[in-house]
Amino acid sequence: MAVAVVGQGPLVDWSWIGGHTDDIVARLLHHVIFTLIAVGLGFVISLALSLLVVRWRWLYGVVASIAGILYTIPSLALFAVLVTITGPTVTTAEIALVGYTLLILIRNIVAGLDGVPRDVREAAVGMGFSPRQVLFKVDFPLALPVIVAGLRVATVTTIGLVTVSALIGMDNLGTFITDGLSRFFMTPVLLGAVLSIALAVLADVSLLGVQRLIAPWSRRPAGAAR
Amino acid sequence: MTLTRRWTTVAALLALSLALAACGGLSSSDNGSSSGSNSKNVTVRIGWVDFSEQAILSQIYGQALAKAGYKVEYQKYASRELADPALFSGKYDMLIEYAGSDLTFLGGKPTSDAQQVLTDLKAKLQPKGVTALDQAPMSDQQAITMTQQGSTKYSVKTLSELAKPAPQLVFGAPPECKDRQTCYKGMQDTYGIHFKSFKGLAQGSLKYQALLNNQIQVALSFSTDGIIAKQNLVTLQDDKGLFPPDHAVPVVRNDFLSKAGNDFQSTVNKVSATITTNDITGLNAKVDIDNDDPDQVAKDFASSKGLV
Amino acid sequence: MGGVLRFIADNRGDVLQRLLEHVEISAISLAIALLLALPLALWLGHNGKGGFVAINASNVGRALPSLALIALAVPWGGLKPPTVIFALVLLGIPPILTNTFVGVRQVDPEVVEAARGMGMRSSQVLGKVELPLAAPVIMAGIRTASVQIIATATLGALVATGGLGTFITDGLAVSDTASILTGALLVAVLAVLADAGFGLLERATTPTGVKLERGRGAPGTGPAGGPATAPAGGPAGIETEKERTA
Chain A
1 MAVAVVGQGP LVDWSWIGGH TDDIVARLLH HVIFTLIAVG LGFVISLALS LLVVRWRWLY
61 GVVASIAGIL YTIPSLALFA VLVTITGPTV TTAEIALVGY TLLILIRNIV AGLDGVPRDV
121 REAAVGMGFS PRQVLFKVDF PLALPVIVAG LRVATVTTIG LVTVSALIGM DNLGTFITDG
181 LSRFFMTPVL LGAVLSIALA VLADVSLLGV QRLIAPWSRR PAGAAR
Chain B
1 MTLTRRWTTV AALLALSLAL AACGGLSSSD NGSSSGSNSK NVTVRIGWVD FSEQAILSQI
61 YGQALAKAGY KVEYQKYASR ELADPALFSG KYDMLIEYAG SDLTFLGGKP TSDAQQVLTD
121 LKAKLQPKGV TALDQAPMSD QQAITMTQQG STKYSVKTLS ELAKPAPQLV FGAPPECKDR
181 QTCYKGMQDT YGIHFKSFKG LAQGSLKYQA LLNNQIQVAL SFSTDGIIAK QNLVTLQDDK
241 GLFPPDHAVP VVRNDFLSKA GNDFQSTVNK VSATITTNDI TGLNAKVDID NDDPDQVAKD
301 FASSKGLV
Chain C
1 MGGVLRFIAD NRGDVLQRLL EHVEISAISL AIALLLALPL ALWLGHNGKG GFVAINASNV
61 GRALPSLALI ALAVPWGGLK PPTVIFALVL LGIPPILTNT FVGVRQVDPE VVEAARGMGM
121 RSSQVLGKVE LPLAAPVIMA GIRTASVQII ATATLGALVA TGGLGTFITD GLAVSDTASI
181 LTGALLVAVL AVLADAGFGL LERATTPTGV KLERGRGAPG TGPAGGPATA PAGGPAGIET
241 EKERTA
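Chains as they are written, first to last, in the numbering used here: chain A, 1 to 226; chain B, 1 to 308; chain C, 1 to 246.
By construction, these hints were calculated from the structure, which means they are not laboratory data. Any given hint might turn out to be false.
Stated by the list, open to error - Capping the alpha-carbon separation at 16 Å, the derived lysine to aspartate or glutamate pairs in EDC-like fashion look like this: (1) B:K76 / A:D179; (2) B:K196 / C:D14; (3) B:K178 / C:D10; (4) B:K178 / C:D176; (5) B:K199 / C:D14.
As the list claims (entries may be wrong) - These stretches of chain A come out as covered by chain C in the derived footprint (C-beta under 8 Å, 3 or more residues): (6) 80-94; (7) 162-169; (8) 180-188.
As the list claims (entries may be wrong) - Some chain B residues judged to face chain C by a derived CB distance under 8 Å, without partners named: (9) S79; (10) P175; (11) K199; (12) G200; (13) N213.
The beta carbon of each residue, even a glycine, is placed where N, CA and C say it ideally should be.
So here's chain A without its partners, still in its complex pose (with noise of 0.2 Å):
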């Protein structure tokens, strides 16, 4: 078994906590930007991309294969190839953040799209709504709770990854563990862990509850009776 020597101290130094309060702030702060950048955009060209695809049936193929295997490929492989590209900058890390968000939300929006009853929409074309009007009153009110079902993950996810993003210099919670890592000493990284975990479940719950708010009858998942 190994036996901790160097530099360990005790797994939590409270006082080391205490004097770096600024950085917590700070790392924390940048943590939830990256976040919000990537989830953001990613949703918007998400949003894009599926509103072709429901137009254009036949683009859901091609889509969905790039965006699959943008999302297989391990994050530590496409930062450290896009910073040969685009140096280890801010941009690099997005690039990356943003496409893992894809695969999720095409195929969220795209499967809440598709989840519209038809009679549903052809009431509402009976109507007399506009085909843009049925998009906008009909298909995406009643597509949202699968779309911020999608949101969650997304974010989810994204909060994991941006922890890695601290391998290229990225200043975020991550940055606690690989400064602990290297120094081996477990404070940091005990830190940098339980504030990124507490962000996830903390972004997790708060998206479910806007899911739930938003359509409290979708709470059963279908087809899991007994």
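Place chains B and C on chain A using the hints.
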């Protein structure tokens, strides 16, 4: 929430994020600040390589410069291979280098005469538009270390003696060491040392952890690592003189020097004169073993020497 | 691209060794995760117990930063493969647990009733009815876990356990683009192959009747499986939602 309001919220959040992001600080370059009365309007961008000693040194110089009225910014780099080119291309203004190793990196052949090394280094830096200021007394050379048990078990006290048992041993060092003439490559050429395997480990406690747990038997260290004394490690003697004298030396861009004014050079040289090998070894120990912060350690040292 | 090929040619031995290390550590971790999660989830699903935990397992798993898990395991496991395997197993369990549980629960209760009515014992119901019907969803979970594990194994390079990630981290340290691209390309290919491979298994285990039903009106399936494998969102986006924490 209606759809329009939702869109507006998304748009607002995005705008806010972009605005905040534009304020900067999302990547790991921290900013120092200048102090009061003799505030000049010059910003010094100091580069440093990601290990404790560099963190401490850049802070000592940076804080002294801030006291002298300069604005100070810091940029972190993973290794010399990344830091030097960035300096040459003007991404920042000053780096605390190590004379012998940098000379080798730039294609020179250092001798064991420290003064000669500095002269040769200046010559190599000239065409890059960079110059070297005064060397500090401190020298941080590469050191090959083993545990007491390891050294006894394989009867190794010098690097020449290491060649024989090397094929049974695992060597741990930062990844950039593998191909460096001042490091593993040099060890292979000069001493005929070929290890069983090479493990790339970042400089610092993690590597020592591996050494103490016998996951690696030989480690690349810096002669100023406080851990060597604390853990009673054995530094193998460099009997053929592979590792050059490595005094810390600030290297600065010429175009920056001309706009920085006389104060800059004299401040930097004043700092350099105060740092001895013993000093820096003690400071390293505070950061690596006691987990103190480099900026605090630097501040205390600088105060004690009257630099801030 | 030429640089990458040259790099691989020059470092044939290393490339092969690290590829094997990566596959080995991933395979072992997946096996252990399967061993721990599959039987448990089958039992829970069959008996309708532990739903809350099982369903939320993948939400929790998704929130765990893999970098942190590996770093935290180091003081106890040292800089050796078991440390990384521990973290990989932890990350691989949630998708297998959740998908297996949900897969079994989603089997049509009438079919289960019919089976019981025919006199099948509980274990037979599980083995002959529920398992085959849940197979595609279970496979999707294993697929997710395997990609997750392969991706996270890349980070093992940070704690000197080898694998393809070392080409990336070493390359980043000295700005060796060929090394970075080689590591990135190989690990991406490995992940995509695993995804495609398990994707095929997923399709192979889908009973023909179910395949036909899904084919009607759903957007096509890409290598990522598309919503045809179940509405991706769903009320919680759990069933076939892939996870990515590394």
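So, going through the hints one by one against the coordinates:
| no. | hint | verdict |
| --- | --- | --- |
| 1 | B:K76 / A:D179 | holds, 13 Å |
| 2 | B:K196 / C:D14 | holds, 13 Å |
| 3 | B:K178 / C:D10 | holds, 15 Å |
| 4 | B:K178 / C:D176 | holds, 12 Å |
| 5 | B:K199 / C:D14 | holds, 12 Å |
| 6 | 80-94 | holds (count 4) |
| 7 | 162-169 | holds (count 5) |
| 8 | 180-188 | holds (count 4) |
| 9 | S79 | holds, 5 Å |
| 10 | P175 | holds, 4 Å |
| 11 | K199 | holds, 5 Å |
| 12 | G200 | holds, 5 Å |
| 13 | N213 | holds, 5 Å |
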